[in-house]
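Enquirer: The primary structure of each chain is shown beneath.
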Amino acid sequence: MPIEPVLTKGFGSLDLTDLAVYRSVGGFAALTKALREMTPDGVVAEVMASNLRGRGGAGFPTGKKWSFLPKDGRPRYLVCNSDEAEAGTFKDRMLLENSPFNLIEGLVISAYAVNAKRVFIYIRGEFLAGYRIFQKALAQAYDAGLVGADILGSGYSVEIVPHRGAGAYICGEETAQLNSLEGKRGEPRLKPPFPANAGLYGMPTVVNNVETLMYVPHIIERGAKWFASIGAEKSPGPKVISVSGHVMRPGNYEVPLGIPMRELVMELAGGLRPGRRVKAIQPGGGSSAAIFEEDLDVACDFDSLAAKGTMLGSGAVTVMDDTACMVRCALTINRFFETESCGQCTPCREGGQWVHRMVARLEAGEGSESDLKILTTINRTITGTNLCVLGDSIMPFLSSVYKHFPEEFHDHVRLAGCPLHARSESAA
Amino acid sequence: MTPQRERRGAELVAKYPEARSALVPFLQYCQAEDGYVTDQAIADAAELVGITPAEVESTASFYSLLFRHPIGKHVIQVCRTLGCMLGGADELREHIRTRLGVENLETTADGAITYEEVECLAACDRAPVLQHNLEFVYNVTPEKFDSLLETWRRESPAAALPAE
Numbered sequence: 001m002p003i004e005p006v007l008t009k010g011f012g013s014l015d016l017t018d019l020a021v022y023r024s025v026g027g028f029a030a031l032t033k034a035l036r037e038m039t040p041d042g043v044v045a046e047v048m049a050s051n052l053r054g055r056g057g058a059g060f061p062t063g064k065k066w067s068f069l070p071k072d073g074r075p076r077y078l079v080c081n082s083d084e085a086e087a088g089t090f091k092d093r094m095l096l097e098n099s100p101f102n103l104i105e106g107l108v109i110s111a112y113a114v115n116a117k118r119v120f121i122y123i124r125g126e127f128l129a130g131y132r133i134f135q136k137a138l139a140q141a142y143d144a145g146l147v148g149a150d151i152l153g154s155g156y157s158v159e160i161v162p163h164r165g166a167g168a169y170i171c172g173e174e175t176a177q178l179n180s181l182e183g184k185r186g187e188p189r190l191k192p193p194f195p196a197n198a199g200l201y202g203m204p205t206v207v208n209n210v211e212t213l214m215y216v217p218h219i220i221e222r223g224a225k226w227f228a229s230i231g232a233e234k235s236p237g238p239k240v241i242s243v244s245g246h247v248m249r250p251g252n253y254e255v256p257l258g259i260p261m262r263e264l265v266m267e268l269a270g271g272l273r274p275g276r277r278v279k280a281i282q283p284g285g286g287s288s289a290a291i292f293e294e295d296l297d298v299a300c301d302f303d304s305l306a307a308k309g310t311m312l313g314s315g316a317v318t319v320m321d322d323t324a325c326m327v328r329c330a331l332t333i334n335r336f337f338e339t340e341s342c343g344q345c346t347p348c349r350e351g352g353q354w355v356h357r358m359v360a361r362l363e364a365g366e367g368s369e370s371d372l373k374i375l376t377t378i379n380r381t382i383t384g385t386n387l388c389v390l391g392d393s394i395m396p397f398l399s400s401v402y403k404h405f406p407e408e409f410h411d412h413v414r415l416a417g418c419p420l421h422a423r424s425e426s427a428a
Numbered sequence: 001m002t003p004q005r006e007r008r009g010a011e012l013v014a015k016y017p018e019a020r021s022a023l024v025p026f027l028q029y030c031q032a033e034d035g036y037v038t039d040q041a042i043a044d045a046a047e048l049v050g051i052t053p054a055e056v057e058s059t060a061s062f063y064s065l066l067f068r069h070p071i072g073k074h075v076i077q078v079c080r081t082l083g084c085m086l087g088g089a090d091e092l093r094e095h096i097r098t099r100l101g102v103e104n105l106e107t108t109a110d111g112a113i114t115y116e117e118v119e120c121l122a123a124c125d126r127a128p129v130l131q132h133n134l135e136f137v138y139n140v141t142p143e144k145f146d147s148l149l150e151t152w153r154r155e156s157p158a159a160a161l162p163a164e
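Heads up: the sequence lines are chains E and U, in that order.
Residue 1 is where the first sequence starts when you use my numbering, and the numbers rise one by one after that.
Residue 1 is where the second sequence starts when you use my numbering, and the numbers rise one by one after that.
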């Protein structure tokens, strides 16, 4: 069930980094409508009615998040999270590099809705190209009176400040990002208080993902009903999903939420190499538990994947075919979380390291049965025992593939090496 | 602090409600100028935002793109996470390590190239990927790497890790 692209419309054929081109396809019409015809509360109500859910990973309803801000007269901040670093996710980078004006329009409308006078966009340090593209677009938008003082004669003014990160996955976590923006170590904060009450500089703050904010102008222009009519009832709207790994056409696909995994992987992404079968899929980035060949009919939306014990997350689908060694795959994921733990909480810092070392031993053919025993029990000491969800992300993939392919793990111990690699080497 | 650095520091501080927010951007600026975050940059940053040098050190040490020791004019960062591994990153990393004669986070004997293995760079559809001085290179094969290396060696970039 393909849909007409919304955010990705014109990608590959139009240069949307040119303001005139973006305007020629209707860009900034939504901003004009919001500022001239709608109140801030009216914008919030429209976004709430659309049931837009956050595209950064948590799937929290955006309008509801906005409505939590206390009306106490303190300055408010909008922070755009462009620190995309979840393993397998590459949609925000593409959106930022290809359509910076759609993002700017979304930032201004959303800032107007929550009555923020200053917006910070936190761009991942590695995205230097995206940062430069955004800076250039922002300068054009200021010159055109679309950002800054008295936008379009509405009396509403807002400043947008791009801020480059400096390398740290954890700064994608919203409270870590706020600490990082304040010039501190990017360590997550204890919640509550939530950012809505005490966020950036202790002030009421909303943190939204790039893709989430980019849908806002389209919802304002075409209405909440249009958005809510697309895709799954409880997870409506289009979503950009990054598909990678063992597929013929890896890439970003803008699809209605609720699309069956089979259609996404086997049709849109071109399926697998000839003769290969799906062995495992991470449906929601490195933090998600795997699903398997028999799960291919699951709908890709927040609730359907949660019901399978995994998650849609940021919308990153990584496909592993039957040539992939599950221990080696897990090694990359567990090395990732060991490296990226901020080190604040003991279970994540120490547990993540121990798990990585055990998986590395297994992969190298130096593991033992007692390592495998520990893997089945360590979950309860790591998961749910940390300040943020990074610690909860250490075990899901490993536990799911060990549960599904236990023999592959035991074979690594028994054969002192990888049975798959031994087979492919002897075949060659 | 040099007058130029002072000027840039003031510009950065003016972007934020609180001075400390300018800390990392200022260190990025200093690193681009000096090649790495020097002791002088730590002292300048402390002065600029009004915290102790120890606090600056602690903050700087958190971020993987800030280096407190000299690095090469070329920084090659190769992704090793799942998507790239499935695309051949393990073999690519081995090739690069052998070719450069370095291990992860080491610099070549001539001081020119720093090699680092990094986590997901958000380009998994064109695996395996690397960044050379923060510019993406996609679908890297050992052969492609070797020919790029020749090109890079002939270049003299202004900064391995540009601030802007």
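Treat the hints with care, as some may be off.
[Unchecked claim] A few chain U residues that face chain E, going by a derived Cβ cut-off under 8 Å, partial list only:
#1 V13
#2 L23
#3 V49
#4 T59
#5 Y63
#6 R68
#7 I71
#8 H74
#9 G83
#10 C124
#11 E143
[Unchecked claim] Restraint-style ranges between C-beta atoms, simulated for each label pair:
#12 U:A158 <-> E:G275: 22 to 30 Å
#13 U:R68 <-> E:G12: 40 to 48 Å
#14 E:G343 <-> U:A43: 47 to 55 Å
In case anyone wonders, no lab produced these hints; they're calculated from the structure.
Note that the Cβ used here is the ideal one computed from N, Cα and C, for glycine as well.
Enquirer: May I ask you to test the hint 47 to 55 Å on the CB atoms belonging to G343 (chain E) and A43 (chain U)?
Expert: violated, 26 Å
Enquirer: Under 8 Å is the threshold here; is the Cβ of R68 (chain U) close enough to any Cβ of chain E for the hint to stand?
Expert: violated, 12 Å
Enquirer: Can you verify the interface hint for V13 (chain U): is its Cβ closer than 8 Å to any Cβ in chain E?
Expert: Since chain E brings no Cβ nearer than about 10 Å to V13 (chain U), farther than 8 Å, the hint is violated.
Enquirer: Using the nearest Cβ pair, does G83 (chain U) come within less than 8 Å of chain E?
Expert: holds, 4 Å
Enquirer: Is the interface hint satisfied for Y63 (chain U)? The criterion is a beta-carbon contact with chain E at less than 8 Å.
Expert: Nearest chain E Cβ about 4 Å off; hint holds.
Enquirer: Using the nearest Cβ pair, does V49 (chain U) come within less than 8 Å of chain E?
Expert: holds, 6 Å
Enquirer: Going by Cβ atoms only, is C124 (chain U) closer than 8 Å to chain E?
Expert: holds, 4 Å
Enquirer: If you take the shortest Cβ to Cβ gap from E143 (chain U) to chain E, is it below 8 Å?
Expert: violated, 20 Å
Enquirer: Given L23 (chain U) as an interface hint, is the shortest Cβ-Cβ distance to chain E below 8 Å?
Expert: With a minimum Cβ separation of about 4 Å from chain E (threshold 8 Å), the hint on L23 (chain U) holds.
Enquirer: Close enough to count: is the Cβ of T59 (chain U) nearer than 8 Å to one in chain E?
Expert: holds, 5 Å
Enquirer: Within 40 to 48 Å or not, the Cβ separation of R68 (chain U) and G12 (chain E)?
Expert: About 42 Å separates the Cβ atoms of R68 (chain U) and G12 (chain E), which means 40 to 48 Å holds.
Enquirer: Do the numbers back the hint for I71 (chain U), that is, is its least Cβ distance to chain E under 8 Å?
Expert: Cβ of I71 (chain U) sits 13 Å from chain E, so the hint is violated.
When each numbered hint is compared with the structure, violations occur for hints 1, 6, 7, 8, 11, 12 and 14.
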